[in-house]
Structure formats: C-alpha cells, structure tokens
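Just so you know, the sequences run in chain order U and H.
Last residue of the first sequence? That's 425 in my numbering, and every number before it is there in order.
Last residue of the second sequence? That's 1175 in my numbering, and every number before it is there in order.
The set of hints was computed from the structure by calculation and includes no laboratory data.
Ideal placement from N, C-alpha and C gives every residue a C-beta, glycine not left out.
No false leads were slipped in.
If you anchor each label on the Cβ, the simulated ranges turn out as follows: (1) A53(U) x K1062(H): 22 to 28 Å; (2) D78(U) x V1004(H): 49 to 55 Å; (3) E1064(H) x K46(U): 20 to 26 Å.
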Amino acid sequence: MNEIEKRLKEEKQRMESVTAPPELGGRLWQALEAAPAPVQKKPKPKWPMAVAAFLLVCLIGYNYNGLAYYGKKIIGFDELMSGTLAELNDKGMGQTIGEQVQFEDGTTLKIDGIMTDANQLILYYTLSNVKDMEHDISFGKITGFLTDSNKGAGMSNFNEEKSEIKGQLTFDPVSPFAKKLTLEVEKSTDDGQWVTSKITFPYDPNQAMQTEIKQKLMKKVKVDKGTITFKTITATPTITIIKGTVNVENLDRVQLPFEQVVLRANGKEVPQIGTGTHSSIGGTKFEISFDALPKKVDSLELVVKEFVGYTKVDETIPLHPIQDQAFQLKGEDLWVNGVKKTEEGVQITIASDVDVLLDGVTIEGEGGEVPLKTTIRQDYKELDDGRMVKERTLLFSTDVVPDTLSVKGMHHMKPVDEVVEILGE
Amino acid sequence: MKVVQLVRKAKKGNKKALLELIMAQQDDYYRLALSYMGNAHDAMDAMEEMIVSLYTNMGQLKKEEAFYSWSKTILVNRCKQMLKKQQKVVLMDEWEPAPADVHNPYEQKEQRMELQEMLLLVNDYQKEAIELKYFHDLDYETIAGMTNVSIGTVKSRIFQGLKKIRDQYRGETHE
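Just chain H, same shape as in the assembly:
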C-alpha cells in the first residue's frame, strides 16, 4: 500500500514521492528503455522525459495501483517518439555493447546469439510483444496499452511468434 500512498502524494505535486516511486523500480524502467533505445545515454534521456511527463500528467492517472503499468506505457511511448525523431530503428542484433561504465550482462555470448537468431525469425511486432512479456514481465493489458493494440492482438502476436520459433527450432532438432 506504500505505492498507493506515494502515488497520492505525487498526484498532489510531490516530486520526491514521484522520484521514490520510479527509483523503487529503476532497473525495470532502465532495462525497458534500454531495450528500445539500445544505449544507456538515450535510455536515460527517455527516462528523463518520462518523469517530466509523469509529473505533469499525474492528474490523469485514475487508479493509483496502476501507476507502474501506466508509467511504463508512457516510457515506451517516449522511447518510440525519440526513435522516430532519430529516424533510427534499433534492432536487438545491432545492439552495441554497453558502455564500459555499464555492467555488461551478456556473458554467455553463444546462447545470446542463439536467442537473437530465434527472435530474427519473427516480425518486429511479435518480437516487441515477446520481449515485453518475457524480458520485462509486463502483463498483457500493459503491453496492449504500450503497443496500442487490443489484448487479443498481443496474445496472438506472442503465440504466433513463439509458434514460428518453435516450428523452426523443432525442425532443427529433428534433423
């Protein structure tokens, strides 16, 4: 219930409460931003934009409990807007290695490559949905909000994407 109390404070314009809310899940936000933006610098820019946007639009949040899915949706929208501005499409396989000061998560390169290959099999929409669900632990409803489609479409994208990979994967194992 601490979240709800903080959200209420934040709604009244309390900046510290808002920051506290974000910092409580800073890694989740950061990873989400990073997965879209591809580098730490842009990810942090996106988060800056997000927190300003949250601060000015706090009044629009009706359900306090929905703060995290709401704010993450705003973050994803910010990321997409920034990408559009940069005219830059970042695919996962083009990810640059993280800057030196950022801890590099990808130690087992072999496995990672395999997964990236798998995700290359599906289209961008399916990939986005799968990543949001499996990497960022977001629920269907939030994903639907972030990608501007219905929950049914999200489920279908994930299902179809996984099916495609599975068919391919099986094909390989059967060989």
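Chain U extracted, bound-state conformation:
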C-alpha cells in the first residue's frame, strides 16, 4: 500500500469516529411522517409504443422492398382467391388501389386492388351499403391508354349481413403503357334505368407480374371431324393460356369440346380453369386457360385426351316395356325414362352422358316413322354413383304412342390421345 492510500485510509478511520447525531432518527421520522403518500403511478399505457412501432413498420415497409408486401397485400378476399392467387397476394404481387365511388342510392364501390400480367387483369372490389339483394350493378370494361379490356369471369360473396359484396373479376390484359385505368360500371336506378359511372384509378405497369413462358406452338392435332391448331402458350404467375384455332365441323355439338384437353407440367395435370371459343372471319378461335405453372418446369405438354367426334349408331331401341337398364349405343349409355302422350305430341324422356348428342332420332310405330320435332327440356342430374347425366325430353309430332326409338348416330367426346410437346425433359 503506498503512502497516499495509507494516508487516505487513516483519514477514513478518523472520519469513522464521526457518528450521526442521536436526534437524526427522530428528525428523519418526522420528515417521513409529514411526507404525503406517493401517488401510485399507473402503469404507463403501452399503446403509444405500439402506434409508434406500427408507423415505423409502415414507413419502412413502403420504402424497403423486403417488407413492402405488408403494405401491398389485398386484404379481405381470402374466400374468393384461389390457391395460386392467394399465394401471389401473400407475396405482395398485387397492387392495392383503394379508389371508391358512391352511387346515388348510397351504394359504394371500392376498388381494393388489382393483379396484372400479360394474360389478364384481376380486379378486387367491395360493394358496401348494398340495399338491394339483386345484383343491380354491372361491370363494363376497363379502358386506358392503348387499353380496352373486356370483362371475363367473376365471382362474388355477400357478407353475413347481406350489406356488403366482395368480388373478383377478370379482364383482358391491360397495356403496359397505361398509367391510369378506368372501369365502367352500370348501376340501375329505381326507375329501371341504367346509369353508367366511371371510376379511374392509377396503375403501375412496373408492378405487373412477369411472363414466365411465352412461346409459339403452331402444332396441329387431327381429330375425328377436323383439326385443332395450337398457336401460342403464355404462362404468367396468375394463369396459363393456350390459344389457337379450331376447324371441326361439329364443334358446337357438345357443350365443352375442350374439356379433355389437358396441360401436363412435370407429368402432372395443371387444373383447367376455363375454355372459350369465338368465331370470326378467320375461323373459330379458342382459348383454354389453366392454373399457373409450377415454379420449376422440366416438361410441359398438351394432351388432347378426347375431342368431339361423330359415331354412326343405327340402333333401334324398343320402348315397351320401359327398362331401368341403359341401352348400349356404341359404348355410350342411353336410358329411356318415360314415354308420354300429350296434347303437343309424344314426349320421350331420355338420359345419357352429358357429352352425348343424338343425331337422326326417329320413332316408329303404327303411325309410321316420325322425326324428332324438338327437344323441350334438358336437365343435368347426378346419379347415385356421382355420374353426371343429361336428361332431356324429346318431342315428336304424333299422337300415336310409338314402339321403337331409332338413333342414326351421335356427337360425343371421342378418344384422341394426341400429345403436343411444349418443353421436353
């Protein structure tokens, strides 16, 4: 221990002989007695911190891409979004809009957000203050610079109070040069007139999702009554669209001729979303849409499993007695469910698979051969085993109950099994 520290220690020891005066305790007690009870401090509310944190997240979120999707997610459409769209929305691939317009009757239309890519524009909207249960609102097209997009499919949901509708609508893709988009909406007034309103909202083409595959196909597939030409495939994050032309004479004889055209990615079928055809001068064009492709595509092929065709039948079916069992028409089932004489003529109710359309149907009996006049009712029914059948009632202009039903031929889906390879292994 050095000298100074020794000195300091000595001084301390000397100081230790100083003791508190005896009255200290009493004085301190008096002071304490006089002291007012401390105000019990309430725990400080935590919410100012929460608000501050929230604002911070919002601020950072808008400026920092990694967090940006918290601000961009289109909220409240979980029920309407398919898996692919919900996933994209979760990743913040949509654009939130928030523009709204109020109609005369107080109904408000709000554009919540859009998702765009080279194939389509998907619009998410909310109708609030809905008074009329009826859909007295009709969406028109979306216009903008170099943009004139027609409405496609849509779906919507009521909330429980039936006061709000949330909906999803698809439109044709919009131009990448458009900065503003205008949606036309028609709303019926009380006196039955339709008033057109327009709602304009900003659009950021940079936020459109990138096309993943865009390829010319130009592949022809021969089917029973003609050819299908697959021209292009455009795969975007929201949807995959195949376009082409079709030259098949009995195309319109079945309801969904392209239903059995499937897209296989990595050997697995991509769910089909919809098909459509429209005829123009150049022939009939078609469009088949499928769900988005998986992230990694090693192989991609189109398979025409079945397509509409024609089969000669030349069968005569006895109508007495009516049988529960189906008749076999070249591999297709045909049920005769009833024969009835009415004022209009003889009605025969038959059922078949949904894709079967009979051709050259006549009845024969004492009244000779009577051709089919018309089909008067058509219903889709589900059999006990889940099979969907089409039941319709055929009308013949005769008052004589026939003995037999003759069928010359039928339009139906025939196996094709042609594969169009788009991407090889």
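Assemble the complex: chain U is given as a structure, and chain H must be docked to it using the hints.
Coordinates of chain H only, in the frame set by chain U:
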C-alpha cells in the same frame, strides 16, 4: 437478505421499514452528507430531504439490492442541490469545527492538515471522487451515478488525482 425484505416493505409504502434501512447505515449517510454540507445542521436537512425523496420514489428502484447505492446517490444529489441553493461552495479546508454536541473526529490535527494539503493539489472533481471512494467506501458504479459521469471517468479522476499527489509527495521526500 433482510435488506431486500425491508426494501420490499418500503416499496409498498411502509415508512418504518424505510427508516430502519436508513438507520442501519445512519453513520455512513451522515458522514457522506457532512462531507458535502460541511455542518451537522445542513447534513441532517439533506438527509431529511433524502428520506422524503426516497419515500416518494421508492417505486423507481428496480433492484432491491441496489437500495444503498441508489439512496446514497439521491443523498449526494440533494446535497449538491442544497449547496447550489445556498450558493455556497464548501471546501474541506474551510470546514468549521463540528458543533460541540457532535463528536470531533479530528484529533490528530497535524496529519489531517497534511492530507488536506494533499487534496488541495487536485481539482474538485478528482477530490470528490477520491473522497467518495476512500472515505465513504463507495464503488465506482455508485460514484459514477453520484457524479453523473461514466465509470471510466471516475477511475481516471481517482487515478490522475492520486498520481498528482504521489508525484508531489515523492518530490518532497526526495528533497
């Protein structure tokens, strides 16, 4: 662990527990107050203010074990505030002899003078730090809290102060 229990009681507003805590170290508090205030009267005033302040702010004490360093820090702050009010700077060499009723600690006047001379060599900050450490047995952390500086600064003040004295002292012995 008795301290912790008393502190907990005091925190709940028990005045007797608080007084008991202070009285257990009453001499330490008193000496600390006296070293700043210079006389018994002001030292006791400072302690009165301290105990009222402790009573109203008991809730702010997070660690029960830290009661003594916390309360002594408050005492030092009270002393400094009172000195400021009085516009009075009390240096150790100006200490008046303690009042008659207070026991006079300074018997060996010669040595005391020598030490006071030594402490005159260092600046007020260094002196305060040295006194708090060596006379009042306070740890660096508490001293740092009392003097509103970092622990590093406290250590440096003490070291530099002692060095100054040592250099001077050696100089004298070498003569």
